[in-house]
Amino acid sequence: MTKVSMTVNGKTVSGEVEGRTLLVNFLRDDLHLTGTHVGCDTSQCGACVVHVNGEAVKACTMFAAEADGAEVATIEGMANSDGSLNTIQQAFQDYHGLQCGFCTPGMVMSAAALLKENPKPSEAEVRDYLEGNICRCTGYHNIVRAIMAASGQDVPAVAAE
Amino acid sequence: MPKDHGIGASTKRREDLRFLTGVGNYTDDINIHGQAYVYFLRSDVAHATINGIDTSAAETMPGVVRIFTGKDFEGVGGLPCGWQVTDKHGQPMKEPAHPVIAQGKIRHVGEIVAAVVADSLDMARDAAEAIVLDLAELPAVVDMKAAVQPGATKVHDDLDDNLCYDWGFVEENKAATDKAFEEAAHVTTLELINNRLVANPMEPRVAVGDYSKANDESTLYTTSQNPHVIRLLMGAFVLGIPEHKLRVVAPDVGGGFGTKIFHYAEEAFCTFAARQLRRAVKWTSSRSEAFMSDAHGRDHVTKIELALDADNNFTAVRTETYANMGAYLSTFAPSVPTWLHGTLMAGNYKTPLVYVNVKAVFTNTVPVDAYRGAGRPEATFQLERVIDKAARELGVDPIKLRRQNFITTFPYATPVAVEYDTGDYHATMDKMEELMDLPGFEARRKASEAKGKLRGLGINCFIEACGIAPSNLVGQLGARAGLYESATVRVNATGSISVMTGSHSHGQGHETAFPQVIAEMLGIPEDMIDIVHGDTANTPMGMGTYGSRSIAVGGSAMVRATEKIINKAKKIASHLLEASEGDIELKDGQFTVAGTDKSIAWGDVTLAAYVPHNYPLEDLEPGLEETAFYDPSNFTYPAGAYACEVELDPETGHVSIEKFVSADDFGNVINPMIVEGQVHGGIAQGIGQALLENCSYDENGQLLSASYMDYAMPRADIIPNLDSYIVDHSCQTPCTHNPLGVKGCGEAGAIGSPPTVINAIVDALQSGGHKVDHIDMPATPGRVWAAMQG
Ligand code: FES
Ligand code: FES
Numbered sequence: 001m002t003k004v005s006m007t008v009n010g011k012t013v014s015g016e017v018e019g020r021t022l023l024v025n026f027l028r029d030d031l032h033l034t035g036t037h038v039g040c041d042t043s044q045c046g047a048c049v050v051h052v053n054g055e056a057v058k059a060c061t062m063f064a065a066e067a068d069g070a071e072v073a074t075i076e077g078m079a080n081s082d083g084s085l086n087t088i089q090q091a092f093q094d095y096h097g098l099q100c101g102f103c104t105p106g107m108v109m110s111a112a113a114l115l116k117e118n119p120k121p122s123e124a125e126v127r128d129y130l131e132g133n134i135c136r137c138t139g140y141h142n143i144v145r146a147i148m149a150a151s152g153q154d155v156p157a158v159a160a161e
Numbered sequence: 001m002p003k004d005h006g007i008g009a010s011t012k013r014r015e016d017l018r019f020l021t022g023v024g025n026y027t028d029d030i031n032i033h034g035q036a037y038v039y040f041l042r043s044d045v046a047h048a049t050i051n052g053i054d055t056s057a058a059e060t061m062p063g064v065v066r067i068f069t070g071k072d073f074e075g076v077g078g079l080p081c082g083w084q085v086t087d088k089h090g091q092p093m094k095e096p097a098h099p100v101i102a103q104g105k106i107r108h109v110g111e112i113v114a115a116v117v118a119d120s121l122d123m124a125r126d127a128a129e130a131i132v133l134d135l136a137e138l139p140a141v142v143d144m145k146a147a148v149q150p151g152a153t154k155v156h157d158d159l160d161d162n163l164c165y166d167w168g169f170v171e172e173n174k175a176a177t178d179k180a181f182e183e184a185a186h187v188t189t190l191e192l193i194n195n196r197l198v199a200n201p202m203e204p205r206v207a208v209g210d211y212s213k214a215n216d217e218s219t220l221y222t223t224s225q226n227p228h229v230i231r232l233l234m235g236a237f238v239l240g241i242p243e244h245k246l247r248v249v250a251p252d253v254g255g256g257f258g259t260k261i262f263h264y265a266e267e268a269f270c271t272f273a274a275r276q277l278r279r280a281v282k283w284t285s286s287r288s289e290a291f292m293s294d295a296h297g298r299d300h301v302t303k304i305e306l307a308l309d310a311d312n313n314f315t316a317v318r319t320e321t322y323a324n325m326g327a328y329l330s331t332f333a334p335s336v337p338t339w340l341h342g343t344l345m346a347g348n349y350k351t352p353l354v355y356v357n358v359k360a361v362f363t364n365t366v367p368v369d370a371y372r373g374a375g376r377p378e379a380t381f382q383l384e385r386v387i388d389k390a391a392r393e394l395g396v397d398p399i400k401l402r403r404q405n406f407i408t409t410f411p412y413a414t415p416v417a418v419e420y421d422t423g424d425y426h427a428t429m430d431k432m433e434e435l436m437d438l439p440g441f442e443a444r445r446k447a448s449e450a451k452g453k454l455r456g457l458g459i460n461c462f463i464e465a466c467g468i469a470p471s472n473l474v475g476q477l478g479a480r481a482g483l484y485e486s487a488t489v490r491v492n493a494t495g496s497i498s499v500m501t502g503s504h505s506h507g508q509g510h511e512t513a514f515p516q517v518i519a520e521m522l523g524i525p526e527d528m529i530d531i532v533h534g535d536t537a538n539t540p541m542g543m544g545t546y547g548s549r550s551i552a553v554g555g556s557a558m559v560r561a562t563e564k565i566i567n568k569a570k571k572i573a574s575h576l577l578e579a580s581e582g583d584i585e586l587k588d589g590q591f592t593v594a595g596t597d598k599s600i601a602w603g604d605v606t607l608a609a610y611v612p613h614n615y616p617l618e619d620l621e622p623g624l625e626e627t628a629f630y631d632p633s634n635f636t637y638p639a640g641a642y643a644c645e646v647e648l649d650p651e652t653g654h655v656s657i658e659k660f661v662s663a664d665d666f667g668n669v670i671n672p673m674i675v676e677g678q679v680h681g682g683i684a685q686g687i688g689q690a691l692l693e694n695c696s697y698d699e700n701g702q703l704l705s706a707s708y709m710d711y712a713m714p715r716a717d718i719i720p721n722l723d724s725y726i727v728d729h730s731c732q733t734p735c736t737h738n739p740l741g742v743k744g745c746g747e748a749g750a751i752g753s754p755p756t757v758i759n760a761i762v763d764a765l766q767s768g769g770h771k772v773d774h775i776d777m778p779a780t781p782g783r784v785w786a787a788m789q790g
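From first to last, the protein sequence lines are chains A and B. One point on numbering: in our numbering, the residue at position 143 of the first sequence is 143, and numbering is uninterrupted. One point on numbering: in our numbering, the residue at position 139 of the second sequence is 139, and numbering is uninterrupted.
What the hints contain is simulated information worked out from the structure, not anything from laboratory work. Using N, Cα and C, we set each Cβ at its ideal position, and we do this for glycine too. Check each hint, because a few of them may be wrong.
Here are the in silico distance ranges between beta carbons for each label pair [stated by the list, open to error]:
#1 B:D157 with A:T42: 31 to 39 Å
#2 A:G152 with B:D437: 57 to 65 Å
#3 A:T42 with B:G790: 31 to 39 Å
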């Protein structure tokens, strides 16, 4: 067991982990931050995406020990300081970019990383960036719309009537 | 002006707030103090005799609590099958035992051979590696047609052969159908495969079993679409726990698509082990485990024939299908290729004669059961593919051929035992044509050709039977369950409402859409109404969510219960207003006496119900809470017309979908935003089936596609662009037999889209001079390219 400490959503946390403990398990099991999900074991679904030192990272592909000393952000830390949904979260609700909600934390974290590096992505760039995030419910259409809208670009309103 | 609340409004989903902030409560988020973890040792061979399992070394490993094998389950019931199909000779299907843990024999890769319970999951996994299996491997049967040959290896030694049933429907129509084929002016024949799929909800299955000695009660937390069904099946048939001592909770569930309907071994195991060990036991499926333990979907091999007269009227349809059951019968498996498939073989057409033959076959593969659409996608795919082929053979326009044969008068009794209550297939076809801009197609094709690409147009119609289902009818057809739904509407003293529904949301948005209905009926704000679901301890017995039944059956139960509430509330109001009951009207949350200005607010009436000081206690009980069970009198029949355009690269065989339009008739719509989302999701799964997804086995029964490395899931880039993709539901013929006039929308996209895509690919190939009649799904670049080479 080794001791790790890191900043998660602005708070300093620490814990004892085995060498094989994944960051996602440390977040879920030790810190009880269960918003970050596990949807696969081959690093392909993106349900586990968090930010480590500002970069989108699949928390299932990183050992907790590797995040020692890092700044980690998870879905639980994304809302505005008054608790209201941030722009991306609000767009996901407004454009119905989620159904069961299981892929959603990873989608929101990926979208945030995309918009940070590319504030006005084209539709093709959004689709391309989401290569590592699988959603089985929404068929992506409304997720793409939500991200375009969150970037301040025009998208038709939600339902035809 | 779009509505901003009540029925027809695109109310934003309230459940999103917790999902978007990471505070949803999924089963894997549940941890019980002191829980142990189970790791299932699963077979990596498809077929073997178990000569021995040596757990002695594993038992001494750190943290191991106990190791269970098939022996521990000898006195325990097997997993039950919920539907008995009767074959064409009147004999019941073959129904082999389905053990929780393999007993003496292994019958598919992924079958549980032993279960290690330990203090941590890592410890359990480590110990499982120390278990020594002594297996005698047997030849595996994988191919369905080979499996039913005389002398084939048997999956179940105690059965005569691998044929579960040979079903003929409608058997009395067979001779007339055969005769129609003899007399036909033209017959089109097509052999095709409906590829095996894995549902892949993003949340893998999880089960947490708990036991309370204090009241001898077991609790199972599970990723289920229907907790009451699990309680009944597991309690009554597997573990012998009466309902009042068994609670099943399905909290937030991360997608289901059918595969979370069924009662699985892992649920029974965790509940059983928790009772034995007096300690909670948790299992979380990995994605790799999910591929080999979640029930698979589809997997039909079909020959379909369509007979036409000299005027191109359809005169008969005849099919022969082999349907894979896998190694055991999953909960509803036998119903999928029969009653959910054969009954839809008339499609949208007035074909007078239909005969469907289905041979259900056991193989050494994972059990196959319902997956989004369940039987209806298979029916639609065959029928719409063969119609498309017929149009090409006859040189007629595929839209015209379909229109000419449409059913146009309703109600319409099909030759396959169902009665369509209402519909307007020309209207959805008109809508599709308008939105698709068909006159512009030739120009778009030329533009594609100028880039060296081929462009194809695919047309498709579909009908489905939803709102599952009339209990007395399905009982006659072999169902061992009723298919009603329930709702309790509990009005609180200050007028807020809790609705306990037996229906279940795993993404559909019940918590938002159901209150819209009650808000409309009572004229109160939606946020005064909350939906409670997913826990057998606080909801009435209900059958859960699948078969696009939530709003059509669950919503109807809620309407009936609310009607009872309104009746009683009017009685209370009439007392308080000193008016006769017949004069009381409810509007905008106010009870008024007709023709007067006397009124009383909703909240004052509800308060009187619970503080009954001025109250007709001699005639009326206090309180305001009503329950209704709604059993539909018929299925609902959503239908639609779909079209897409594909661009095909002849150099590589790569296909991209350039334009997609769906024109659906769902009857009345409660929340258009949610409905469109359901269609988007269904279409993405259908596009996945058509272009990418394939669950494949080798001839030894090895599962070749057991992770996202080799099972291709649709991703954002395969879906048509925002400006080339329209899902429309403006054609609405309300269902005639449920109180909301709704039909259900959950499965339509997955049913309508696969043939649309394949029809378009064949059209593209033909436009390039390739005489290709059919291409099996998934139409991967390799397959398309090979087809082009002849
Ligand atoms: S759980 Fe990390 S990519 Fe799937
Ligand atoms: S919303 Fe269910 S997987 Fe994306």
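Hint check, failures only | 2
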